[in-house]
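Novice: Guided by the hints, dock chain B onto chain A, whose structure is given.
Chain by chain, the residues:
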Amino acid sequence: NAGVTQTPKFQVLKTGQSMTLQCAQDMNHNSMYWYRQDPGMGLRLIYYSASEGTTDKGEVPNGYNVSRLNKREFSLRLESAAPSQTSVYFCASSDPGTGVAQPQHFGDGTRLSIL
Amino acid sequence: QKEVEQDPGPLSVPEGAIVSLNCTYSNSAFQYFMWYRQYSRKGPELLMYTYSSGNKEDGRFTAQVDKSSKYISLFIRDSQPSDSATYLCAMSAVDDYKLSFGAGTTVTVRA
Chain A
478 NAGVTQTPKF
488 QVLKTGQSMT
498 LQCAQDMNHN
508 SMYWYRQDPG
518 MGLRLIYYSA
528 SEGTTDKGEV
538 PNGYNVSRLN
548 KREFSLRLES
558 AAPSQTSVYF
568 CASSDPGTGV
578 AQPQHFGDGT
588 RLSIL
Chain B
3 QKEVEQDPGP
13 LSVPEGAIVS
23 LNCTYSNSAF
33 QYFMWYRQYS
43 RKGPELLMYT
53 YSSGNKEDGR
63 FTAQVDKSSK
73 YISLFIRDSQ
83 PSDSATYLCA
93 MSAVDDYKLS
103 FGAGTTVTVR
113 A
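Those protein sequences? They're chains A and B, same order as listed. Residue numbering for the first sequence follows the numbering used here, starting at 478 and increasing by one per position. Residue numbering for the second sequence follows the numbering used here, starting at 3 and increasing by one per position.
Chain A on its own, in the form it takes in the complex (with noise of 0.2 Å):
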């Protein structure tokens, strides 16, 4: 059981490039999100999407675009990279219950730098 996927798991970029990072899940998740992790910043909420065909901006959405390709899929787009946006990046998959929180399932991330 693989659960979530992420690729690639590094990148490096110059400013100003384009690239789409890749997420899927297999356990059937309705919920996806996409997270940033900085030193002694915790996990910043990008964007997320509740169920397929949904999306909706979280914490720091600047600069990003999403897609909910599918139930699996959830990609996160940078259309013109920056230095600031340099960081370790997070796919989560969950599948609420009503009324209850449920836990998210991470990736191992991507390692993306931006020169």
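Think of the hints as simulated: they come from the structure by calculation, not from any bench. Please note that a few of the clues may not be correct.
Keeping only pairs whose Cα atoms sit at most 27 Å apart, straight-line, the calculated BS3-like set for lysine-lysine is [as the list claims (entries may be wrong)]:
hint	chain 1	residue 1	chain 2	residue 2
1	B	44	B	4
2	A	548	B	44
3	B	44	A	491
Specialist: The following block gives chain B in isolation, referenced to the frame of chain A:
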């Protein structure tokens, strides 16, 4: 002020010691409390999950929630070098599937 504050550490303890980790929060609507463990270059994995106030024990790990003080704790008994990791607290309100995370505390258990 952040919604969730976590003692930054880092924390270094000898093998066999009790590790105590804490978070405070400001949102009284939080009802679900979680602790995640994150090894270096890996994603966070769920360690403990509790609802409302009280204690929960799982092996060497004990999670405590004091909603009156808006304070949660994680205790690790008989710590092992394999417990060396970053520990993140997370919490959410009812009907809100989004989690609010603490910044994480890095723990090193010395053999």
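Novice: Indicate, hint by hint, whether the structure satisfies it.
Specialist: Each hint tested on the structure:
1. Distance check on the hinted pair: residue 44 of chain B and residue 4 of chain B sit about 25 Å apart at the alpha-carbon level, within 27 Å; holds.
2. The suggested pairing of residue 548 of chain A with residue 44 of chain B holds, with an alpha-carbon distance near 24 Å, which does not exceed 27 Å.
3. Between the alpha carbons of residue 44 of chain B and residue 491 of chain A the distance comes to roughly 25 Å, so the proposed pair stays at or under 27 Å and holds.
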